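Given the coordinates of chain V, assemble chains C and S onto it according to the supplied hints.
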Amino acid sequence: MSFRSIWRKLDNAFYALTERRRTKRQEKLIEKKSGQLEFASQWQLIRWKFARHKLAMFALGVMTMLFLMAIFAEFVAPYNPRAFREDFATAPPQRPRLYCPEEGRWYARPFVYPIVRDFDEDTWAVTFEEDRSEKLFIRLFVRGSTYRLMNIAFLESDLRLFGVEDGVISLMGNDTRGRDLFSRIVFGARISLSVGLLGIAISFVIGIIMGGISGYFGGTVDVVIQRIIEAIKAIPTIPLWMALSVALPIHWPLLRVYFFVVLILSIIGWTGVARVVRGKFLSLRTEDFVKAAELDGASNWRLIWRYMLPSFYSYVIARLTLEVPSMILGETALSFLGLGLQPPAISWGVLLQDAQHVRVMANAPWLLIPGVFVFVAILTFNFVGDGLRDAADPYSNV
Amino acid sequence: MTDNGNVLTVRNLKTHFFSREGTLKAIDGVDFELKPGEVLGIAGESGCGKSVTAQSILRILPKHGRTVDGEVLLSRNGAAVDLLTLDEEGPEIRRIRGKEIAMIFQEPMTSFSPVHTIGNQIIESIRLHNRGLSKREARARAIDMLHRVGMPNPASTIDEYPFNLSGGMRQRAMIAMALSCGPRVLIADEPTTAVDVTIQAQVLELLKELQGQLGMAVIMITHDLGVIAELADRVLIMYLGKGVEFGTVEQIFHNPLHPYTRGLLASIPKLTRGREVIEPIQGTVPSPYDPLTGCPFNPRCAHRMAGVCDLEMPEVVEVEEGHRVACHLYPKDAQT
Amino acid sequence: MKDNEHTARPIVEVRGLRKYFESTRGLLRKTVGTVKAVDDVSFTINEGETLALVGESGCGKTTTGRCMIRAVEPTDGKILYSLDNGNPVDITSLSKEAVRRLRRKIRLVFQDPYSSLNPRMTVFQIIAEPLIINKLIKGTGAARDRVAELLRMVRLDPSLMDRYPHAFSGGQRQRIAIARALAPNPRFLIADEPVSALDVSVQAQVLNLLKELQHKLEGLTYLFVAHNLSVVKYQSDRIAIMYVGKIVELAETEQLFTQPLHPYTEALIAAAPEPDPRVARTKKRVVLAGDVANPADPPSGCYFHPRCPYAREICRTTEPELRNLGTPEQPRSVACHFAHELSLQGIQ
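Line by line, the protein sequences are chains V, C and S. Just so you know, we're using the working numbering here: the first sequence kicks off at 1 and counts up by one. Just so you know, we're using the working numbering here: the second sequence kicks off at 399 and counts up by one. Just so you know, we're using the working numbering here: the third sequence kicks off at 735 and counts up by one.
With the rest of the complex left out, here is chain V (with noise of 0.2 Å):
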């Protein structure tokens, strides 16, 4: 018997195996269809076929939650992330742990053990160690410094959603400096992620109306704006960001440099929105319910905004997602470089530049934890827009 056929046999018996569960499925779906389907709207049905990619569902959730942190980012960070600690530079990360080998016992709530200096007598450098005689319990919702959320000054609160009392907790280490690199990763949350959406947003604008011009006028201006377009996307992106970024002027605030950046990637980030606008005008102009529009006497204002848009914008909303992650990397990269944002600001790229040296690399591993998050953040928008783009058009197979 050859591997073939055995494999097809588990095959069979597997089908035959979730037969049941498939019928039941089966089942809630024709509820749904005899109940609901007739009536459901576009974006009802977007939304329960999106709901059936498990992935993207998943996926959806962990970009809540980090959302969810870079907005509430002073409550969701135990520390200031500007507040630092000079002799306890680069101190490794605390394990949370429930078990105590010295007592033998397990505890309910989670500890670390505080981390000591001290000194390693041959070579005269400084180590950190886990003072095992103490245990520092993590509470949730605890006092801390004060802030302002979000520095509006009436929600000035000390409330932090987790910490130590007595004690210090840094659960992924401290920078070069001191710093709690957790709070910092959080707060360059709000940067990172803010910088995907808000250079999205200005991408979405000028793509839209490029491609939406280009499309339904076309002819030559169709033709000008092409040309533009293969133009901005054979400038190689590097050194065109090197040649934005040396214009860029020393003194200028923290928040414009973060526009300028953000203008920066949108410049390039816009002309694949305008392709596939321009694509689906074109191809939506030929549909026979848009010509039947235009027969019923419908203006052009009308054709476009209740017949080719609505069409069409749940497909740039899939595109748009699947965007997000080349605007997160391209900040990323730019600071990393030092070409964007600098060090009083904190954004993932930012604190990337500290894991530049082979040497610091070596002694402190976790000042790589914020390409995790990088890594984190951009798959999910993946999987997001994978799922979005699939349920995109939900008349495809009702």
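The hints are simulated quantities; they were obtained by calculation from the structure and are not laboratory data. Since this is a predicted model, take the numbers as computed values, not measurements.
Beta-carbon label-pair distances, calculated as ranges:
1) V/L55 <-> C/A592: 37 to 43 Å
2) V/L55 <-> S/L951: 52 to 58 Å
3) C/E603 <-> S/N821: 49 to 55 Å
4) C/Y559 <-> S/R897: 44 to 50 Å
5) C/R529 <-> S/A1023: 34 to 40 Å
6) V/F375 <-> S/A876: 56 to 62 Å
7) V/W301 <-> C/A592: 34 to 40 Å
8) S/E883 <-> V/S299: 23 to 29 Å
9) S/K830 <-> V/F259: 41 to 47 Å
10) S/R897 <-> V/R52: 21 to 27 Å
11) S/R897 <-> C/A700: 24 to 30 Å
12) S/K869 <-> V/F375: 54 to 60 Å
13) S/S1077 <-> C/T508: 41 to 47 Å
14) S/L951 <-> V/R52: 43 to 49 Å
For glycine and all other residues, C-beta sits at the position ideal for the given N, C-alpha and C.
Just chains C and S now, with coordinates in the frame of chain V:
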């Protein structure tokens, strides 16, 4: 296993598609037999499973489809081979595809690669099934085949790319390729649906002629009863994955038994008929996902018997010699 | 065999209609070729009748229909439409605003009901759209009443009007499309292959519905564009056969089928597969050689001559004119040099 003189026998074929939405019973009980040299027409509307039947026979189902029950017996040298027991990608079934059972499709472009000349593709398929043949011999055979399908200047058209040919010519080239290995069974899946009426007439005439010359059996899959009437010796009518009626072309067209067959015939305008009102079948073909018990046609049937048709699936009954129908109007016990 | 009395009052008169498509290349749009999609087509449609335009793909039947509502701009020719008060206007020279008004009276039904209904609008919104755009109705209540009436007219349950098109089958969708076409009380309906995208068993429902509507709505006129001769025979009073942009024969339905005058008509009748094995196996076979001529590069003389079994020398050189071979009361035109001497076979 014996073959009873049939070149192909299909028994109780069931092919289902498994997807997230549930199980779609694309074919749920199809029986027919194909005698050597005869034309069997399979007719039905979209979604009745007629194309899936062909795919099940050749074992070329799409990813989610699998044949869950039944037999497809191909007679070979007096013995019968059940194609369903063969390895889907094994050498056995590959020898059968093309060599013994060939297939032509609705859109000829799908069976040709656009980057090779039609000649190379035909030659390749000839050499694949006839190892000993030299390239020159295969080419000669390809030219002869193109000549037979009525291709003008076959010696030069053999080096054309598919997109250089007109629709009708492409159709001919595809037929030439399908017939190049001398199959005993040709499955034609809606071969004339995408072409114009006058080209359709050409293709039908050609198929008829080649069938006479080469003596192969043909399974003609179509939704057009006119095509069936013109070509077929026997007919299988399908509805929602089930074979509802099977008989000779005379029996089906002049003595239809199943209400669906009758309804279908009454709903088509004919050229030879006056302008009396045609009778449509009520309702529409339900979605294959909809729950349906009993006879698949019962919600639309004019002769529906409540409590019978909507509960039990009718059995296939042979009402007269070679004329089988699955309908409660023809109960089994009424037989002698 | 006419069931309604036609007061031979013409509603549309097409004279010498031409539509040439030019293929251009490059930024400067240089013309590199001309496709004569519609080439000197003339016919008249009387109020309350059904005229069918029949031909194979690319013969210009659809373009002709589209020209009549200026969905495609004609290159040349006149299309005279007689207004409600009987005065004729030339559709080809109307202003944009006048075309908009005209499009309430002349409506188009598309071939594919899956693509002609906006999947993002409910049935009510779809059918009410022409009424709302043209401000023919005031208030949602009145619109809902009118839509309900239209749905009943096409034999659909009015309570389904808040559903989306995906809840309907092909046949039902086509009824919705017909209801939308009927919404502004049109006088003239151009049905472009209205059943060829539908399942066989459902086609008859739509055909019968169209007939019934013509009966009910007095004076409703159809231009029925189709390729299926059996359907056309069932549906229309007169038939125009088109080949490569030209009308080759125009006659009353019965006449055309029993006694075709153009060899192409004969071939089409012979090629139509008949769902009756006895007829199918005994009827005379005329299988045309070759393909439909390319409208971008048509043959000389009579476009049909390379495929015509009766072609002679003159057919290669001279283009035949469409001439009337019938009586003034019962005109029938044909464009063939030998129409008077060939005895062609139709159906009995």
